[in-house]
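S.K.: As a plain string of letters, each chain reads:
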Amino acid sequence: KAGVTQTPRYLIKTRGQQVTLSCSPISGHRSVSWYQQTPGQGLQFLFEYFSETQRNKGNFPGRFSGRQFSNSRSEMNVSTLELGDSALYLCASSLAPPGLADSNEQFFGPGTRLTVL
Amino acid sequence: GQQVMQIPQYQHVQEGEDFTTYCNSSTTLSNIQWYKQRPGGHPVFLIQLVKSGEVKKQKRLTFQFGEAKKNSSLHITATQTTDVGTYFCAGHSNYQLIWGAGTKLIIKP
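Sequence order for the protein chains is A and B. Just so you know, we're using the working numbering here: the first sequence kicks off at 1 and counts up by one. Just so you know, we're using the working numbering here: the second sequence kicks off at 118 and counts up by one.
These are calculated hints, taken from the structure and not from any lab test. Hints may be right or wrong, so weigh each one.
[Claimed, not checked] Pairwise CB distance ranges (calculated):
1. A:79 with B:176: 44 to 50 Å
2. A:67 with B:119: 37 to 43 Å
3. B:169 with A:96: 19 to 25 Å
4. A:54 with B:195: 42 to 48 Å
5. A:69 with B:225: 19 to 25 Å
In this text, a Cβ means the ideal position worked out from N, Cα and C, and glycines have one as well.
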């Protein structure tokens with residue numbers, strides 16, 4: 001079974017631009033979560049989707065948005081990029097969202113490393 | 118808001134020494150998961166604890182879940198270079214997964 005895939009793996013943008021990152025979950029997984037990780041920092045939760053609905057959202061500005069498609073693939077968008085948005089963006093999929101299954105181990109993709117110049 | 122505090126942030130050990138990281142939640146958790154992230158990699162699931170007072174072992178790793186389901190620990194016996202990385206706990210509460218900040222294990226040369 002193929003793992004979680006994220007595209008692109010690396011991205012360089014300039015301030016003010018916008019970016020779209022893509023995540024394909026493991027086949028059969030309907031829950032997708034997005035995280036931001038900066039050097040030395042933990043995982044900052046962005047949002048979580050299940051069956052095309054955003055169930056939870058982290059404490060990020062409105063410039064960060066996401067969506068999930070009917071095939072469970074998900075995209076996140078960051079508009080008006082700032083230098084501080086440079087980070088590793090990780091996507092994780094699970095069979096079901098937190099609380100809706102006895103076991104919902106998160107499977108992470110390799111991440112997209114975004115550099116904002 | 119709900120928080121999971123994880124300590125220490127870093128731990129330097131000599132190879133062969135033990136390592137422990139602790140997580141404490143402000144609320145009761147339905148279960149807790151542990152993940153390991155190797156340098157340059159992504160988090161990988163290690164284990165899930167569900168029952169109050171549960172203890173699980175994976176070779177040199179021992180995981181515990183507190184009686185009140187508010188705290189958890191991961192203990193590694195006789196660390197090896199392959200143990201290097203950051204260990205995260207993530208607790209389930211109110212249909213959310215709340216992550217600790219991670220403990221970075223560094224093996225001193």
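S.K.: Each hint: holds or not?
M.R.: To see whether the hints hold, each was checked on the structure:
1. A:79 with B:176: 44 to 50 Å: About 46 Å separates the Cβ atoms of residue 79 of chain A and residue 176 of chain B, which means 44 to 50 Å holds.
2. A:67 with B:119: 37 to 43 Å: Check failed, 26 Å falls outside 37 to 43 Å.
3. B:169 with A:96: 19 to 25 Å: holds (23 Å)
4. A:54 with B:195: 42 to 48 Å: holds (45 Å)
5. A:69 with B:225: 19 to 25 Å: For residue 69 of chain A and residue 225 of chain B the Cβ distance comes to about 48 Å; the hint is violated.
The structure fails hints 2, 5 (numbered hints given earlier, in ascending order).
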